[in-house]
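Undergrad: Based on these hints, arrange chain P on the given structure of chain L.
Read top to bottom, the protein sequences are chains L and P.
Using the working numbering, the letters of the first sequence correspond one by one to residues 1 to 274.
Using the working numbering, the letters of the second sequence correspond one by one to residues 275 to 581.
Derived from the structure by calculation, the hints contain no laboratory data.
Glycine included, every Cβ here is placed at the ideal spot set by N, Cα and C.
Careful: at least some of the hints might be erroneous.
As the list claims (entries may be wrong) - Residues on chain L that point at chain P, a partial pick, calculated with CB under 7 Å:
#1 Pro15
#2 Thr18
#3 Ala37
#4 Ile113
#5 Val244
#6 Phe255
Okay, here's what each chain looks like letter by letter:
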Amino acid sequence: MAAVSRAAASTGFAPGRTARWIIGILIAGVFSIPIIAMIEFTLRDRDGGHSFVHWTGLFDPANAPKYQPIWQGLTNSLILAVVTIAIVLLLLAPTMILVTLRFPRLSRPLEFIALLPISIPAIVLVVGLAPVYLVIGRTFGTGIWSLAFAYGITVLPYAYRAIQASIDATDVRTLAEAARSLGASWSDVLFRVLAPNLRAGLLAASLISVAVVLGEYTIASLLARQNLQTALVVVGKQDAYVAVVFSLLALAFAFALLLVIGRASTPTARKARS
Amino acid sequence: MTAIAPAVSGGTDATPAPSRRGAASVSTPAALGLVPFAAYVLVFLALPTLLAVVSGFFDDDGAFTLDNLIALGDPVIVQTFVNSIWLSALTAVAGAIIGALACYALLGLPSTSRVRSTVDAVAGVLAQFGGVMLAFAFIATIGLQGMITLWLQNVFGVDIFAEGAWVYSLPGLILPYIYFQVPLMVITFMPAVSALKPQWAEANLTLGGSRTGFWLRIGMPVLAPSFLASLLLLFANAFSSYATAAALASQGSQIVPLQIRAALTSEKTILGRSNLAGTLALGMIVIMAVVMWLYSLVQRRAARWQR
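Next comes chain L alone, as it looks inside the complex (with noise of 0.2 Å):
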């Protein structure tokens, strides 16, 4: 590590150790504000001192009832992220092995459709998922679950990024065509010998699916279903405290899942590398 940004600064366009201190620290400084704002925030009691009421709280059974659309939301959001997790491991990246490996001519349209979503508002979405909504819930009822068919959409540009990120990386036609020579069936090929190779990736795109459908609020919100962040709007507006805390924690949650990531994915860019 030490070499290596020594050879970019003895090479002459890497910032000098001070230029790169003065700018991380006020955009660091600058942006942790908001987030110290709302801890802050969530220590105000109500005499105009701080303390950890809001927190300790959070464990009164009293205010069980008040939490409540926080933990329905918080369940269906997970709930959620399961069923969209299963889209994204079950659809679309047994779609990405297979046009790898059969139809590399649809690679190009392929990435094409998966980064669509970026150019399409999820605003636009909705306009028109109501009326596609309306059929769904004759036909599978109106379960929670039935909204991440539409969570895979939003997620299928991140979901992409990664799976393919880790399918470049690995050798998956000359892996898959050493097991099939060697007898494996295809569901071998698949689960026992491509998947493992591809763990990151999966698990990459597992995880940002993860953040993403946690975070998400303008679809549930219009097509009028409960989420965590659609809860968090409904608790904010009778105790903004509550809501806060949430959200906090949240954030670290958040934080903690690509730190993970990060961590989970530089493994494979290392062995890629050699």
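TA: Leaving out everything else, chain P in the frame of chain L:
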């Protein structure tokens, strides 16, 4: 699935042509594997987009009409589009410049370093987790009872809301938007910055160039297309953002996504046309299509210097 087993011929990486031809000749059973995903994308991406656009061309009774399209010329609607474009452009430029500075500061740190992986995670969280929580964060910061608001009042006697509670209207969206734009810039621009080759700087030094000269003659021209591409992505990101504005600005619909909400949810819709949401969606798609088309043009130029 086992029926296609013999199809995988001995094509290795060096000779992809035979295996590709082999795949084409027996593609029918394998092609069935593409059907579920194709059907899914058709029903949940293509169909909703089509429905959204088409619904703008029909009136309440299901008859074809161009009235909704004419409504796009209504001064109120034009103003929301102007507001949206202006807000997106301003926050995209600010976010791009601050984000590029952050990328510059990270330059030279290898991607495996602890600082980089932490910054990546923070940027990921802040870019993804905008929306409702971001609105809460800014209410806690510069809301009527916000930390900074109270601090300015108590210490300097400055009331930032003397002119009215602007934080809950259009100007109040600027800071939160920049807050999610900067991390997105770091995520999208950093790969281009990391791809700057030390050899170019060495060549520059060998030929007697200075550090400033490197940035003016090599670094900036090489990064310019990537910077522009990221800027366009930031614009698109702000333009399509809904949750922050919805949670922050509870009244009024100064930007297009909120106008769509108004058209979708209220019984008596603006201008008395319930299918206006479709027309507004069409307007958004047209603008996004132009932005993404420009993005692909610029991206093609940027790709030249990467790898």
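Undergrad: Now, for every hint given, state plainly whether the structure supports it.
TA: A quick look at each hint next to the structure:
1. Given the 7 Å rule on beta carbons, the hint for L:Pro15 holds: about 6 Å separates it from the nearest Cβ of chain P.
2. A distance limit of 7 Å between C-beta atoms decides the matter here; for L:Thr18 the minimum to chain P is near 11 Å, and the interface restraint is violated.
3. With a cut of 7 Å, the hint placing L:Ala37 at the interface with chain P holds, because the nearest CB-to-CB distance is about 4 Å.
4. Annotation: L:Ile113 was flagged as interfacial toward chain P, and the flag holds, the nearest CB pair being 6 Å apart, inside 7 Å.
5. Hint status for L:Val244 relative to chain P: holds, with the closest Cβ pair at about 5 Å, below 7 Å.
6. Interface hint status for L:Phe255: upheld, as the beta-carbon distance to the closest one in chain P is roughly 5 Å, under 7 Å.
Checked against the numbered hints above, the structure breaks only hint 2 and satisfies the rest.
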